[in-house]
Amino acid sequence: MTTTTNASPSRWERLRDSYMWYSFKRDRTAQLCLAVFIFMVIAAFAAPLIAPTNPYDLAQIDIMSSELPPFWIDGADDRYALGTDAQGRDLWSIVLYGTRVSLLIGFGAVFLQSLLGVTFGLMAGYLGGRVDTLLMRLADIQLSFSTLMVAIVVGALVKATMGSAFYSQYAVMMLILIIGLAEWPQYARTVRASVLAEKNKEYVDAARVMGLRSKRIMFRHVLPNTLSPIFVISTVQIANAIISEAALSFLGLGMPETHPSLGSLIKSGFDYIQSGSWWITLIPGAVLVVLVLSINLLGDWLRDVMNPRLYKG
Amino acid sequence: MALLDVNNLDVRFALRHGDVHALRDISFSLERGERLGIVGESGAGKSVAAFSLLNLIAKPGFIAGGSVTFDGQVLNRLSERGLRKVRGNRISMIFQDPMMTLNPVLSIGEQMVECLKAHRRIASKEARAIALDKLQQVQIPSPETRLDQYPHELSGGMRQRIIIAIALLLDPDIIIADEPTTALDVTIQAEIMALLLDLCEQHNVGLILITHDLGVVSQVTQRMLVMYAGRVIEQGPTREIINDPQHPYTQGLINALPQMATPGEKLNQIRGSMPSLSNLPSGCAFHPRCDFINRADGQPRPACTQQVPGFVESGNCQVACHMVAEMLEDRRLKEETL
Amino acid sequence: MIAFLIKRLMHAILVMFVISVLAFAIQDNLGDPVLQMVGQSVPESEREEIRERLGLNDSFLVQYVRFAKNAVQGDFGNSYFYREPALEVIARHLPATLELVFASTLIIVLFSVPIGVYSAIKPRSPISRLFMGVSIIGISIPVFLTAIVLIQIFAIGVTVTLFPESTGWGAWLNALFSTEGNMPSFGRGYELVNVVGNWDTNLATWNGLQHLVLPAVSLASIMLPLFIRLIRAEMMEVLQSEYVKYARAKGISMRRVYFVHALKNTMLPVITVGGVQIGTMVAYTILTETVFQWPGMGLMFLDAINRADIPLIVSYLMIVGVIFVVTNTIVDLIYGMVNPTVKLTGKPA
Numbered sequence: 001m002t003t004t005t006n007a008s009p010s011r012w013e014r015l016r017d018s019y020m021w022y023s024f025k026r027d028r029t030a031q032l033c034l035a036v037f038i039f040m041v042i043a044a045f046a047a048p049l050i051a052p053t054n055p056y057d058l059a060q061i062d063i064m065s066s067e068l069p070p071f072w073i074d075g076a077d078d079r080y081a082l083g084t085d086a087q088g089r090d091l092w093s094i095v096l097y098g099t100r101v102s103l104l105i106g107f108g109a110v111f112l113q114s115l116l117g118v119t120f121g122l123m124a125g126y127l128g129g130r131v132d133t134l135l136m137r138l139a140d141i142q143l144s145f146s147t148l149m150v151a152i153v154v155g156a157l158v159k160a161t162m163g164s165a166f167y168s169q170y171a172v173m174m175l176i177l178i179i180g181l182a183e184w185p186q187y188a189r190t191v192r193a194s195v196l197a198e199k200n201k202e203y204v205d206a207a208r209v210m211g212l213r214s215k216r217i218m219f220r221h222v223l224p225n226t227l228s229p230i231f232v233i234s235t236v237q238i239a240n241a242i243i244s245e246a247a248l249s250f251l252g253l254g255m256p257e258t259h260p261s262l263g264s265l266i267k268s269g270f271d272y273i274q275s276g277s278w279w280i281t282l283i284p285g286a287v288l289v290v291l292v293l294s295i296n297l298l299g300d301w302l303r304d305v306m307n308p309r310l311y312k313g
Numbered sequence: 001m002a003l004l005d006v007n008n009l010d011v012r013f014a015l016r017h018g019d020v021h022a023l024r025d026i027s028f029s030l031e032r033g034e035r036l037g038i039v040g041e042s043g044a045g046k047s048v049a050a051f052s053l054l055n056l057i058a059k060p061g062f063i064a065g066g067s068v069t070f071d072g073q074v075l076n077r078l079s080e081r082g083l084r085k086v087r088g089n090r091i092s093m094i095f096q097d098p099m100m101t102l103n104p105v106l107s108i109g110e111q112m113v114e115c116l117k118a119h120r121r122i123a124s125k126e127a128r129a130i131a132l133d134k135l136q137q138v139q140i141p142s143p144e145t146r147l148d149q150y151p152h153e154l155s156g157g158m159r160q161r162i163i164i165a166i167a168l169l170l171d172p173d174i175i176i177a178d179e180p181t182t183a184l185d186v187t188i189q190a191e192i193m194a195l196l197l198d199l200c201e202q203h204n205v206g207l208i209l210i211t212h213d214l215g216v217v218s219q220v221t222q223r224m225l226v227m228y229a230g231r232v233i234e235q236g237p238t239r240e241i242i243n244d245p246q247h248p249y250t251q252g253l254i255n256a257l258p259q260m261a262t263p264g265e266k267l268n269q270i271r272g273s274m275p276s277l278s279n280l281p282s283g284c285a286f287h288p289r290c291d292f293i294n295r296a297d298g299q300p301r302p303a304c305t306q307q308v309p310g311f312v313e314s315g316n317c318q319v320a321c322h323m324v325a326e327m328l329e330d331r332r333l334k335e336e337t338l
Numbered sequence: 001m002i003a004f005l006i007k008r009l010m011h012a013i014l015v016m017f018v019i020s021v022l023a024f025a026i027q028d029n030l031g032d033p034v035l036q037m038v039g040q041s042v043p044e045s046e047r048e049e050i051r052e053r054l055g056l057n058d059s060f061l062v063q064y065v066r067f068a069k070n071a072v073q074g075d076f077g078n079s080y081f082y083r084e085p086a087l088e089v090i091a092r093h094l095p096a097t098l099e100l101v102f103a104s105t106l107i108i109v110l111f112s113v114p115i116g117v118y119s120a121i122k123p124r125s126p127i128s129r130l131f132m133g134v135s136i137i138g139i140s141i142p143v144f145l146t147a148i149v150l151i152q153i154f155a156i157g158v159t160v161t162l163f164p165e166s167t168g169w170g171a172w173l174n175a176l177f178s179t180e181g182n183m184p185s186f187g188r189g190y191e192l193v194n195v196v197g198n199w200d201t202n203l204a205t206w207n208g209l210q211h212l213v214l215p216a217v218s219l220a221s222i223m224l225p226l227f228i229r230l231i232r233a234e235m236m237e238v239l240q241s242e243y244v245k246y247a248r249a250k251g252i253s254m255r256r257v258y259f260v261h262a263l264k265n266t267m268l269p270v271i272t273v274g275g276v277q278i279g280t281m282v283a284y285t286i287l288t289e290t291v292f293q294w295p296g297m298g299l300m301f302l303d304a305i306n307r308a309d310i311p312l313i314v315s316y317l318m319i320v321g322v323i324f325v326v327t328n329t330i331v332d333l334i335y336g337m338v339n340p341t342v343k344l345t346g347k348p349a
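Chains as they are written, first to last, in the UniProt record's numbering: chain H, 1 to 313; chain B, 1 to 338; chain Y, 1 to 349.
Just to be clear, a hint being listed does not mean it is correct.
In silico DSBU-like cross-links for lysine-lysine, where the CA-CA straight-line distance does not exceed 30 Å [to be verified]: (1) Lys-264(Y) <-> Lys-117(B); (2) Lys-85(B) <-> Lys-264(Y); (3) Lys-85(B) <-> Lys-245(Y); (4) Lys-25(H) <-> Lys-264(Y).
Rough simulated footprint, nothing fancy, chain B against chain Y, three-plus residues with beta-carbon under 8 Å [said to hold, decoys possible]: (5) 156-167; (6) 237-243; (7) 254-268.
Calculated from the structure, these hints are not laboratory results. Note that CB positions come from ideal geometry on N, CA and C, so glycine has one too.
Excised from the complex, chain H in its bound form (with noise of 0.2 Å):
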């Protein structure tokens, strides 16, 4: 019983990773964008051992030297190969530990998401009935808030209930639970639907009739079939978390300047972009948009890969 069970899901694997592969050999787009992605990722938490300087520690920032520009530019300074913030931050460090804290949000808000919507998805699909017509409606009521206004909305509440010290000594486990929590209808949709679209299949049927248990079966025969459009939107809703991310902390509900995200960097800089000082805002913002635009190309590929609708051909 084990041994089936174990081999079928593995053979199914293995035929779709040589498909992935097979496609990914050819896809320049694809390689040039994991290859952006997983270098921004080892770069960002690499940041304490790369960075220059340690943005975090005040002992090293010199106010004198604030506002300076990047090395093409004259009145570059030699040590800041990218220019200052206002406050005297080399940028450059700046950015890696910002962009660590942009994908530690966006992964750790995904996880909760994911968690949050596969389970009541399941729930949803698989129970049906009152516990499905409740869980869509909140998602539904929940969706056409749309998740972002959602976010605004909680983190608001939340800033203004704790307390603004508070938030923003919390602020990465506080954004990653606002944007898990406004985001979990889009699993939840797509896993029911997937569920909904396995369940009146015949292996379901031959589960039920050999007496196994919903729970076993849903998590055993139910779920790995679902796992393609959950590991797509995944993909996607990473990149929005991190826009998410950015928009809470723009509007000053998110990460503090002491300890800036990518969208805390843009907000922070935007102060001094009628100076003249543009790249404060926008190198962070370039930044921001190449992270986001090569997780939205891989998710683009990966779900031109994985649809399920071009195998019906």
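Based on the hints, put chains B and Y in the right spot on chain H.
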């Protein structure tokens, strides 16, 4: 020259891993008012054949060789504009699933009138009158109200009648019907088929009927083709093929009919299943399923696995089979020696 | 039709009830509004008195019923900051936001349909590929960043000195990539025309329109690529359908196949998604209005958050809820008109 002449038609699908040959070397012809059946299992290439006649195969597919000549025009060399004048006008089509064929957001009247207007300079009022007349011909109850209804308000059988009416709108020379009754309830299948046959006879319209149902073919058509894995393997007058099939595959198909089984015994099935077009067996594509690859002396016939069989004449039929060719050759030799 | 409206109304009431309970529950747990109103200097005993007068010490249910009763009559309480009815404050800010959303919607509709349809019909053409490439970049740029970049280019100006100024072509290229930056990027301007009541419009004067351009383009920048991709994807799927194939087999012109047979079916899911996206658009006005200091509801809401102006926050949420319900109803009506298989009772016939 016949009204429709198909010569060595070759259709391929350009896929990632290279071209897949969907049709090879298809040749047949159709006289005015003649009814031809194309028979085969699903995947044999029947539908592709139907669609390629009007150059309607969807994108990765393309006509790689051969010709379709209709009334002196080579259809597969016509421009899109030239083809449009033939489609729906002189050759019309009936699709398989009436539930999917009509556009859900356009009224029946709109979908009929647009077809008339595409081919004739005609006032809307006049077009509606013609549409109404055709609806009456397909025996739809209260045809006036149907014109303003939408497809979802009608049953499958009703919709197929409307599609037949649309096919007749411009008094075509040929109707190509791709499994016109397969998607319908069994109870209405015979009704729709009888209607189609009746109308074709009445208007002297040629019919190319694509089906897997040998019973229907024997009742409706005068000549038939049997297709297997993208090739024609047997063709000739319907009656002769049904009564005395030559090719082992055709024999298998006919033996598999429920009527052919003795009560209380298993149905006679052809063992195995049709190969995928991208991975055809060598030689005769049917040989792995064939019961006759051994010669009379019990030794396997090498040609079956090595060589694609060509057509041999057997009576009024043409058969592509090494076994049949050998048998005919033996008989000829015997006759010569006598 | 009447059944549809009643059903809609029930749904609206349900949604509004959920929103009001949520909004109110949070309001109840939020920091001390009295402190926000009068500040630290007023002694605690006096603050307690104000609290009692405002009814802040009553039970949750009593407070909610009072809140709901007032809300139904259009009374959401007074804004702590503006010291006037919250609804009036919102009414004053509403036209600016609506005009912004209207202008963006116009941009989205005008561009997304032709581009989406074109790139579905000719998916392999270089122009389609360009559109698809640009649209995925568009999706990847957060709306506030688009706004900032637009401000840099069109309001502040860019001086390019990348090419050698000494040669003729260098100077020409420098000039080509440099921008003057004289577009307004701050507020609505002062040449507004009063239409009726407190609705001053940007749409009537050249100066007003100029002020509207950058915010509207920014707001549209996030939705436009989404719609282009959605329309393209739906259209491509429809083009695969049997009825499109059948329409071709009938010999009707490709133009009619695309624009009558395919487009109408394409628009059905697009309309549904469009309704949801309008909601998203309201959220993005908060970002756009913040960047451009556009005096609409979004900016007002963010200010209210920073000032902990709870009645204003709550009434904003309620009004946004009403906007969503209304737009969704309109979207459903349009959907019902386009799709003959839907009777307006909500059940497929």
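Which earlier hints can't be squared with this structure?
-> When the structure is compared with the hints, numbers 4 and 5 turn out to be violated.
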